[in-house]
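Based on the hints, put chain H in the right spot on chain C.
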Amino acid sequence: MGAEMSDQGHSTDFLYPFLEGQETDAAGLLADLATSARSKAAESARLQEESLAEWDAGIEAAGRAMAERFAAGGRMFTFGNGGSSTDAATMAALFARPAHGRPLSARCLAADQAVLTALGNDVGFDVVFARQVMAHARTGDIAVALSTSGSSEDLMVALAEARRRGLLTVGFSGYDGGRMSVSEDVDHCFTIRSLSIHRIQESQALVGYRLWSVTQHHLEALQNGAPR
Amino acid sequence: MTAVVGPQAGPVTMIDEELSADLAGAALALARRFHAGATLWVLSPQWEPHSHHVAVEFVHPVIVGKRALPAVALVAADLVAETRIAVRPGDVVLAVAGADQAQVLDVMRRAPAWGVETMWIGYGDRPAAGAASHVLWVPSDDPMVPATGRFVLMYHLLWELTHVCFEHPGLLTVPDDDCTDEVCITCSDEGRLGEVVAPPAEEYAGALVRTATGEEYVDVTVVGDVVPGDLVIVHAGAALTRLEDSPQVGQWGPR
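If you read the sequences in order, they're chains C and H.
In terms of my numbering, the first sequence opens at residue 188 and continues consecutively.
In terms of my numbering, the second sequence opens at residue 945 and continues consecutively.
With the rest of the complex left out, here is chain C:
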């Protein structure tokens, strides 16, 4: 580590004393970092607001459909790759163990390394989620896929399998929406319109939270026998 540091101290450094390894005052950097943090957080907040506004009706419709499935005994399966797999796990945990509201059957399909490595090694990575959908899912269940590109092959294969089995399918995408946003296998797709993977994930989390909130609301109404 630090191998790239070894060429500092060139004889031309005196021409650009502020550019390279001679910099010694951290105060300026710390101020820049703090400014950068606030500006990125502001951009994240702007994108979150924009995303909630754009998908307001879609979240309402998806939440209502999910509530109906949960009320009828449906279960939710979430999946994604890399950081999105962890966000899928967080979303499953939100549905399964919320701080308040009704706990629902929700599970992340990226959680079991034995299953993932068995499928990835024996068959291929493209089927790591689809084969689990085959094994676990029943008509009436819910599949939720998270991706920042909207085009990961393993997610698309799993969503197609979920569609074949009569699941409700929900996708979270980014950039221009990718394959997920135009796929007939996806009932509800929420595309976060940004080029930053970080900002996309932060907005997906809030849209997912809103989806949970709407689902809880409709589930409560269903239980109380209120008109939908």
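Don't read these hints as lab results, they were simulated from the structure.
Treat the hints with care, since some could be wrong.
[What the hints assert, rightly or not] To spell it out: a stretch of chain H is covered by chain C in this simulated footprint if at least three of its residues, at any positions, have a beta carbon under 8 Å from a beta carbon of chain C; those stretches are: (1) 966-974; (2) 987-998; (3) 1104-1112.
Where a beta carbon is used, it is the ideal one built from N, C-alpha and C, also for glycine.
Only chain H this time, still in chain C's reference frame:
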């Protein structure tokens, strides 16, 4: 400033002036530790996916060309035992956890004996002053904070700012006169925190004690019987005091 319609109601500030300064300080500290060869160990007993997200963020950056940095999620049932054997002096431990998490509090109070720097992301009531080297606290007590992207934003920013620091190589080493950390024993003849590895093998022998500088035999005549895991203050080759076994208090004793 940064406002968004929060999950409950009303606009909230995601990163205020104070938190942005805390993040900046943590990022520079983390970059310096990585530069010196550190591994980042991540604990999130209540919300394990967050620890995995941090690990993959650093190991496999989403921005092509950024260097891969060693970060590991620790998810064992006994986090204190797992962290104890994982960390090496100079490493960094990051917790994403509430201030009431007993295992995290215990890891944090032992950290000086292991020679590691500590960071703590959370929300609600803040940990006691000094509980971690860097406290990055969301100014909200909404129990839904962990699921709304606030923590994700926080560690994304920590990653982004850490990589900015690598563009300033001159600032990646700590000048000697900046060294005020409790892990730097050369600056101070204060007692050092030690964790007992093994009690004395025989009467009048020393106990094997782990401190920030490694393992050493320490005279425990003053503190009496010790067992593995006991925390003691070591000075000049002897244990002067044994800390009470209470993870509910701050790093060095009662608040």
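Cross-check of the supplied hints:
no.: 1; hint: 966-974; verdict: holds (count 5)
no.: 2; hint: 987-998; verdict: holds (count 6)
no.: 3; hint: 1104-1112; verdict: holds (count 5)
Hint check: no violations occur; every hint is consistent with the structure.
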